Amino acid sequence: MSTTSSAQQYQVVIVGAGLGGLCLGALLEKANIGYVILERATKVVPLGSSLAVSPSVQALAIQLGIYDELQKHTMEAVECAVVYEDSTRIGSMDFRDTQERAGYPSLIIARCKLHDILASLIPKDKILYGKKVVDIEQADDQPTVTVRCAEGDKFYAEILVGADGAYSGVRQAMYKQLQEAGQLPKEDAEPLSFSHVCVLGTTQPLDTQVWPELLEPTCQFQVMMSKTNTYSWGAFTLPDNTIGWAVSYKLDEEADKESDVFRNAQWGPEGAAQMCNDTRDFPAPYGKGRTLGQLIDATPKDLISKIMLEEKLFTTWYHGRAVLIGDACHKMLPSAGMGANTAIMEATQLANAIFDIENWTPEEITNAFARYRASRYEFAEYACQLSKQFGKIFAGKHLTEGTCPGKSYYEDVGSADDENSAKEKRPNFDMSLIFCFTLRDVY
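Residue numbers for the sequence shown follow full-length UniProt numbering, beginning at 1 and rising by one.
Keep in mind that the hints were calculated from the coordinates and are not lab data.
Remember, predicted model here, so these are calculated numbers, not experimental data.
Incorrect hints may appear among the rest.
Quick list of simulated restraints, FRET-style, between CB atoms [said to hold, decoys possible]:
| # | residue 1 | residue 2 | range |
| --- | --- | --- | --- |
| 1 | E216 | T366 | 48 to 54 angstroms |
| 2 | Q172 | D141 | 21 to 27 angstroms |
| 3 | S92 | K186 | 40 to 46 angstroms |
| 4 | D125 | D252 | 19 to 25 angstroms |
| 5 | S120 | E190 | 35 to 41 angstroms |
| 6 | D94 | D281 | 28 to 34 angstroms |
All C-beta atoms in this analysis are idealised placements derived from N, C-alpha and C, irrespective of residue type, glycine included.
Turn these sequences into a full structure, and let the hints guide you.
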């Protein structure tokens, strides 16, 4: 575990070593901007299942020099099949033309692999583990914000970035200051709502004779739904003969409250056993008489997570020298696969905004934060709506309503080789293009 002296000053302090925080750190490293990442966990635990790597994230990977490494650990997804538990086909999402339309294929990767790849871009002494932030202090007449950790360490930053998840300590401290000043919008003071609970994991390498889907050259991506309850579950084949899997349950109205009985803010194995037992006899994706329990048993117990899936879009993303990215400013259901990609894109936009700061005055910093929020808020709002709609669909509700929540959204699609090349507007809904926009270098 890395250590630090009792007080250090940086241009940027990032709280949270998740995907968004690591991406921002990697970009600041490229831009030669001083930073440190504070992570409350004492070590990296490879929790989580699989996630999509959007075309825009792949374009960013080229800029970061990690695209070749990324490809080693990904599989192309050409289709997501949605079926009932008896294997009756409901429909599908087709990604086959993603390469032609967006410049990159639709890829699936284990979350822990993407985390490792991003972490490899950051010097080890710039990620400090075991640093739980308990308070932040800032004032208009002070040149830095003070970050206090539970063990007594203090860090001073010209900019503080909260990349610390749905229950962000940075956001809570920032909102406390705003509330005391009577400046916090009412909706931002309301708690996160949660209506789903999820268990997920990634197996150890499996026998390809038992799971022949692993021999296919593309990711075999299937979501199953129950006709009699609000469970949905899915699986994704990955490199190295592993399968990522997840089971989600839609809670009833009474359970969808601010209750400590259900809530688990941290990713972890606590409470996973009961839900695994409840679902182990469910048919496994891909059919052939196999059960979900076979995937559960092939996953180390300490790497199976049970988490609450919250939903909320906060309107206040910055105050003073503090700013939020990712789940800290918007928590969405994973149903549409947009959370991690959105956080990475926000890290990119924020890095661009920080890079443009010349004198690091309070006014310049505020203007940079405002540009960052303006560039991402509308998309975050749409992503939250879309994720909510998919959550309903995968819970077996509103299947006839379609997949688009009432409007079209467009983003520019450009070439990573020539970012000023011809662009075209693509209509939504299309999962392969939902994240695409033109990136610019930050170094």
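Legend entry - Q172 paired with D141, Cβ distance criterion 21 to 27 angstroms: holds (24 angstroms)
Inset, instruction - Mind checking the hinted window 48 to 54 angstroms against the Cβ distance between E216 and T366? - result: Taking Cβ atoms as reference, E216 and T366 lie about 51 angstroms apart, which means the hint holds.
Legend entry - Beta-carbon spacing of S120 to E190 - inside the hinted bounds 35 to 41 angstroms or not: Holds - the Cβ-Cβ distance for S120 and E190, about 39 angstroms, lies within 35 to 41 angstroms.
Legend entry - D94 paired with D281, Cβ distance criterion 28 to 34 angstroms: At 31 angstroms between Cβs, range holds.
Legend entry - Consistency of beta-carbon spacing, K186 to S92, with hint 40 to 46 angstroms: holds (42 angstroms)
Inset, instruction - With 19 to 25 angstroms as the target window, see if D125 and D252 comply at their CB atoms. - result: violated (48 angstroms)
Checked against the numbered hints given earlier, this structure breaks only hint 4.
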